[in-house]
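K.L.:
Residues per chain are reported as follows:
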Amino acid sequence: MDIKQAALPTAAAHTAGESAPMARRRILAAGVSGAALSMLPWLSDRAGAQARTAPPTSGSETVTTPAPTTTAAAPKRPTTADIELLAVAQSIELAIRDLYDATLAANSFEGATAEAITAIREAHEAYAQSISGLIGSDAPGIRSDKLYNAQRSNFSGSAAAVAQSAADLENVAVATHIDILGSLIGVDATGLIASILVVEARHATVLNTIAGASTLSNQLASDGVALSPADYPVK
Amino acid sequence: MNNQTSPDTFISAEPLSRRGLLRVGGLTIGLATLAAACVTEAKENEPARVGDVTPPTPLPDAVVTDGVLFRTAASVHYSIIDAHKMSKELGNLSPAQTAIVDAYIAANEAAIRDLARSTTDAGSKPWTCANPRFDRVLLAPIRDRIAGRPRTGSESADLEPSDDPTRDALALAHAMETLAAEMHQSLVPQLSLPKYRSAVMQQAQAAARRAAALALAINPANIVNPLSLENANVSTPTTVEVTTTTAAQDITQSTDAPATTVAAAAPFGFQQYYALPSQFGSLNAVQLAVGVPSGGAQFTINLETPSLNSFVYDYQTEC
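Each protein sequence line maps, in turn, to chains A and B.
For the first sequence, counting from 1, position 230 maps to 230 in the working numbering; every step adds exactly one.
Adding 1000 to a residue's 1-based position in the second sequence gives its number in the working numbering.
Warning: the hint list may mix true and false statements.
What the hints assert, rightly or not - So, partial list: chain A residues that the calculated Cβ filter (under 10 angstroms) puts toward chain B:
no., residue
1, A116
2, T118
3, L197
4, V198
5, N208
6, S217
7, L220
Rather than coming from a laboratory, the hints here were simulated on the basis of the structure.
Beta carbons: idealized from backbone N, C-alpha and C, even for Gly.
Based on the provided sequences and hints, a complete structural model is requested.
P.N.:
Shown next as structure tokens:
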């Protein structure tokens, strides 16, 4: 078998004219191409991943984390103006408590009715205490003498008459608290006043019933006029 | 045969040495590593997806605004009206009881009108029908327990109609008014403007009065919740009926007693409703028990104040 090696010299002759740097360049080109090819699957995977990790739509973001209401800006603690209003509210609550104390001392009510009146009296004291808990040392801790003296005569006499006066006063308290609620800024204070007035409305219905309300509309009567904090300043 | 090697198969003028191959391989790996390090790594949070699919339709923005709260409150009042009508339909109410429920329906309609004005004032469109979630999740099962219905699905037996539809209908009406008061109270810290807080509390106090009056209509002796009296350190009222207990066993009783003298079963202690259930306005779930007592208990459902999943958002435009 005649195996010629003539080609090699031919090839050598053919490339003899090429310089060594050119050969190195070829090698480098081959290396870079190899590197590029080896990265191709990885790069294509990256391209696919881009589509899968598209950012969530704005709609779905909003649903999972609902935008807060604008009340987020409202302070929790009572402001200085709130404290003045809450102090008035407390003095009114203490005046009402003392009026119930006066009528209970006079034994105007008996049996279950007296127990209901006592429970209502306790509730008003609890309201005053809760306001103290909210505003601390700024709480006056004293009743409104003006309100107490104005109502004192209405809280003596027959059970029905006193119950009617008490119902009217509860309605005044409800209206006053709603009025105050329209000025309060601090969220804690608004929640407290709301939880007070909603039960005072029930007090009024119970007292109207004790007073002998014969119709539903009389039971539900709510014609109280709010007291102006300016007229009942806390000393 | 000519085994002559073609000159085109060479990539260099000289045969590649082992060292040259190593150099080329090392260079390749080095460049690949460099390129990989320079690419920003993106975290994949979603599973891989094969093929093309239609992108999901983005949900509309669900922002809780004052208007949304007013719309929601109006929707619950519509649902309360539906519940009151159900009470009339199923409760065999007396004329006096029917008059009370009719008055309450009218009061809720007035509340809806007020809330519609507040909704418009807050920049939203008034809502004009019942709360769909409330009706589906709460009113439907309540109706089933009062009216009864044939079994469905995997249920083992039919639902019996109530043994006392009037009792359950009045309990339903009372629970609805209690819920209305709680709902408005719960909105107070969520609303942005003080004037809106006053507006909802006007509705809350009116609903609370209605609940108290109905509690007294159901049982005039139920003025103050005994638990509330205990908390206030007031003696337990003497005229309020104490709920019955299930303690029927007397361990001091002689065992020689004739076998026929079986102690009578204590009557079932139905839920009691009080005009003054607590010292402060509660935001707890309103518990409503209806239907035939079974196994020592009644079907009880919790009525919660509306929250994110039952709000009527501004994007909801159809009743």
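K.L.:
Against this structure, judge whether each hint is valid.
P.N.:
We went through each hint and held it up to the structure:
Because the smallest distance between the Cβ of A:A116 and any Cβ of chain B comes to about 5 angstroms, under 10 angstroms, the interface hint for this residue holds. At about 5 angstroms, the closest approach between the beta carbon of A:T118 and any beta carbon in chain B falls short of 10 angstroms, and the interface hint on this residue holds. Because the closest C-beta pair between A:L197 and chain B is about 6 angstroms apart, less than 10 angstroms, the hint holds. For A:V198, the interface hint holds, since its Cβ comes within 10 angstroms of a Cβ in chain B; the closest pair sits about 4 angstroms apart.
For A:N208, the shortest C-beta to C-beta distance to chain B is roughly 9 angstroms, which falls under 10 angstroms, so the interface hint holds. The beta carbon of A:S217 comes within 8 angstroms of a beta carbon in chain B, closer than 10 angstroms, and the hint placing it at the interface holds. Satisfaction of the interface hint for A:L220 is found here, the shortest Cβ-Cβ separation to chain B being roughly 5 angstroms, below the 10 angstroms cut-off.
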